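Chemist: Taken in sequence, the protein lines are chains W and Z. Numbering-wise (the working numbering), the first sequence opens with residue 247 and increments by one. Numbering-wise (the working numbering), the second sequence opens with residue 73 and increments by one.
Think of the hints as simulated: they come from the structure by calculation, not from any bench. All values derive from a computational prediction rather than experimental measurement. Using N, Cα and C, we set each Cβ at its ideal position, and we do this for glycine too. Be a bit skeptical, because a hint or two may be false.
Computed footprint of chain Z on chain W; a stretch qualifies when at least three of its residues, placed anywhere within it, have a C-beta under 8 Å from a C-beta of chain Z [what the hints assert, rightly or not]:
#	segment
1	259-270
2	283-291
3	388-395
4	431-441
5	450-464
6	470-481
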Amino acid sequence: MTQSEKPRVALFVTCLVNAMRPNIGFATLKLLEDAGCDVDVPEAQTCCGQPAFNSGDDATTRAIAKQLIKTFGDYDYVVVPSGSCASMIRTHYRDVFKDEPHWIEQQSALSAKTWEVLSFLSDVMKYQPSDVHYDGLATYHDSCSGLRDLGVHDQPRALLNGVGGLKMTPLQDNDACCGFGGTFCVKYPDISNAIVTDKTARIAATGADTLLAGDLGCLMNMAGKLSREGREIKAYHTVEVLAGMAKGGGIGGAGE
Amino acid sequence: MIQTSDRFRDHVARALTDDNLKVALTRTTGLLQTRRKQVIDEYAEYGEARKRAQAIKEHTLNHLDHYLEMFEANATANGAVVHWAQTPQEARRIVSEICVAAGAKTATRVKSMLGEEIGIAEALSDAGVERIETDLAEHIIQLADDPPSHIVMPAMHKTHEQVADLFDDKHGVAPDSHDIPDLVGSARRELRQKFLNADVGISGANFLIAETGATVTVTNEGNSELTCTPPKVHIVTVGIEKLVPGMDHASVFLRLLSRAAIGAEITQYTTFYNGPKRQGDADGPEAYHIVLVDNHRTEMLGSDLEPMLRCIRCGACMNHCPVYAAVGGHAYGAVYPGPMGSVLTPALSSLEAAKDLPNACTLNGRCKEVCPVNIPLPDMLRNLRARQWDANLPTRVSKAALGAWSFLAKRPRLYHLVTGLGVHGIRLWAFGRSRIKRMPFAGGWVKHRDLPRPEKGSFMQQYNASLHATRNRK
Numbered sequence: 247m248t249q250s251e252k253p254r255v256a257l258f259v260t261c262l263v264n265a266m267r268p269n270i271g272f273a274t275l276k277l278l279e280d281a282g283c284d285v286d287v288p289e290a291q292t293c294c295g296q297p298a299f300n301s302g303d304d305a306t307t308r309a310i311a312k313q314l315i316k317t318f319g320d321y322d323y324v325v326v327p328s329g330s331c332a333s334m335i336r337t338h339y340r341d342v343f344k345d346e347p348h349w350i351e352q353q354s355a356l357s358a359k360t361w362e363v364l365s366f367l368s369d370v371m372k373y374q375p376s377d378v379h380y381d382g383l384a385t386y387h388d389s390c391s392g393l394r395d396l397g398v399h400d401q402p403r404a405l406l407n408g409v410g411g412l413k414m415t416p417l418q419d420n421d422a423c424c425g426f427g428g429t430f431c432v433k434y435p436d437i438s439n440a441i442v443t444d445k446t447a448r449i450a451a452t453g454a455d456t457l458l459a460g461d462l463g464c465l466m467n468m469a470g471k472l473s474r475e476g477r478e479i480k481a482y483h484t485v486e487v488l489a490g491m492a493k494g495g496g497i498g499g500a501g502e
Numbered sequence: 073m074i075q076t077s078d079r080f081r082d083h084v085a086r087a088l089t090d091d092n093l094k095v096a097l098t099r100t101t102g103l104l105q106t107r108r109k110q111v112i113d114e115y116a117e118y119g120e121a122r123k124r125a126q127a128i129k130e131h132t133l134n135h136l137d138h139y140l141e142m143f144e145a146n147a148t149a150n151g152a153v154v155h156w157a158q159t160p161q162e163a164r165r166i167v168s169e170i171c172v173a174a175g176a177k178t179a180t181r182v183k184s185m186l187g188e189e190i191g192i193a194e195a196l197s198d199a200g201v202e203r204i205e206t207d208l209a210e211h212i213i214q215l216a217d218d219p220p221s222h223i224v225m226p227a228m229h230k231t232h233e234q235v236a237d238l239f240d241d242k243h244g245v246a247p248d249s250h251d252i253p254d255l256v257g258s259a260r261r262e263l264r265q266k267f268l269n270a271d272v273g274i275s276g277a278n279f280l281i282a283e284t285g286a287t288v289t290v291t292n293e294g295n296s297e298l299t300c301t302p303p304k305v306h307i308v309t310v311g312i313e314k315l316v317p318g319m320d321h322a323s324v325f326l327r328l329l330s331r332a333a334i335g336a337e338i339t340q341y342t343t344f345y346n347g348p349k350r351q352g353d354a355d356g357p358e359a360y361h362i363v364l365v366d367n368h369r370t371e372m373l374g375s376d377l378e379p380m381l382r383c384i385r386c387g388a389c390m391n392h393c394p395v396y397a398a399v400g401g402h403a404y405g406a407v408y409p410g411p412m413g414s415v416l417t418p419a420l421s422s423l424e425a426a427k428d429l430p431n432a433c434t435l436n437g438r439c440k441e442v443c444p445v446n447i448p449l450p451d452m453l454r455n456l457r458a459r460q461w462d463a464n465l466p467t468r469v470s471k472a473a474l475g476a477w478s479f480l481a482k483r484p485r486l487y488h489l490v491t492g493l494g495v496h497g498i499r500l501w502a503f504g505r506s507r508i509k510r511m512p513f514a515g516g517w518v519k520h521r522d523l524p525r526p527e528k529g530s531f532m533q534q535y536n537a538s539l540h541a542t543r544n545r546k
């Protein structure tokens, strides 16, 4: 494949990964390049606008969406290591442009080429990892937006199937919310805690030593609770394992 | 009931420390989820039925005036007296007047959420009529003096152990044992004679059939038939959105309703009420009244809340809601709890009176996924937040926090500078530890979970540094 045939992919890191876990961004970058993409990281990126959208502030969401359309509009694809942020751009941006029809064409174009990373690697790039190893027994939590808005379910499992040494064990209620919910977890901390406590009990019951998922928000919630409960279960974003970059104590700092 | 949704946070605090509630909710919602999944998986035409149900409701709502008039004409021809009530007050007055005119002393009642919505209990007490709840769960909560906590299983908040103690205390003859069949037997013993002696029977309706004028109830205990047939007067109170055009349409919903609600292919009793006792009939009421209630429903028509009028009150959304499973139905402080209630309560009262409800949701989307008529509940809850925002209802603190964040998010350079500093700050606060257990301004997070110490430098800082290093090497 020559350089010009490679799809031009813009990596949208997301604000959480940018601040809290850059390793996920670098793992995504590596996987996209391994899969044959020409990857760029636009500097003018900030956030997808989801905190504003979920708070009902449509005007701010629209301003941020316009900025994102300008920054990312020229690439072949926009790839995001989060089902939640990808779904914000892909399925929810249209909700804030109802009153600005002249933006809808650009918005629809951006939405259509925005992908969550695991489904992009699997469905678009037909990527399968090789020469990657992870020793462990892992269980998988399906984060809600990726699962329900984008249909991300089989792709991470198929990709992880190619990782040597990795064994998977099913998680009961794998499709039930972990209680993160963005600003929900700080607006209603006690309800969020009740939900995540059920989730970590389920995770512990699998006997797995590793928790995998595709969204850092959910992972920080579950890993933070596992850590508070003194459970030594390591949590990683799926791309970290796929890229062979699941090193150290994981997202909650287990075992460090 | 008196709406107390404005005290949602107090209710939540109480609910989360109630161990019996946790047991009751976990037992029931888990079972309902498993059963529903099983029967839906076995129902090959589910997807098609769901689409058809949505289309039927949309069509009926688009021509609601036409079908309501058709229903009124056909029900009247069947011998029913049809009443129209725009408000709960009007509906209560109509019910009271019918009871007074009939000289009623007692009224049996089949569970109906519309009855709760308009305040049937109040209407009966105004008319000096003793109210006898006949649904097993409603009987329990009447004895306990609780409001319903679920729209299909109103006593979901109680464990059977609690019910046993309650029956010991309140039943004329105590249950033979605390086994569930004996508890049911005790309720049956308590209620049987009351069924036969009641002057008025009051029910709701799961469906109204325009073409035939029938009202339909779907139940499991047979209490609907025992409530609606022996007394001299039968009153149906029902919301106008329960209408479907014909019998064929009703059958689509009958297949969906019991599967979604209780994970059963069909319920024990499905009864079509077609009017009072006719000449030659062995039994049946002498008078049959249907009270059609609006209560804000026509205001929802044509608005972004219209899809809520498709709701068939199956309760699947609350059975699959993580928030409902954590706090139970009473926390919502309204007749309708859970996701559908969080949409409906602001519509039936006001945005301000139910401020927390649309916000206390993780927007996980499972409610929409299991809804048999595909109501976009998460989108509607989000839209209600937008209405709240426009009405300036969010607190000053949350507006200020969001304002500061959006100021930065709209200025990439400043955003990256501040993020970099923030990451550095959190690392300093961690004092070398990998996990943070206490931190100012992050109380909501660290109260219950640890915060990981971030890596050294944000992604953008690290990425730019590596680009810089590569360029320098070249």
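Chemist: Now look at each hint and say whether the structure bears it out.
Modeler: Cross-check of the supplied hints:
A count of 9 residues in the segment 259-270 of chain W with a Cβ less than 8 Å from any Cβ of chain Z is obtained; the coverage claim is therefore met, three being the minimum. With 4 residues bearing a CB less than 8 Å from a CB of chain Z, the segment 283-291 of chain W meets the requirement of three and the coverage assertion stands. A count of 4 residues in the segment 388-395 of chain W with a Cβ less than 8 Å from any Cβ of chain Z is obtained; the coverage claim is therefore met, three being the minimum. Under a criterion of three residues with beta carbons nearer than 8 Å to beta carbons of chain Z, the stated coverage of the segment 431-441 of chain W is upheld, 11 such residues being counted.
Three residues within the 8 Å Cβ limit are the bar, and the segment 450-464 of chain W against chain Z gives 0, so the coverage statement is violated. Three residues within the 8 Å Cβ limit are the bar, and the segment 470-481 of chain W against chain Z gives 4, so the coverage statement holds.
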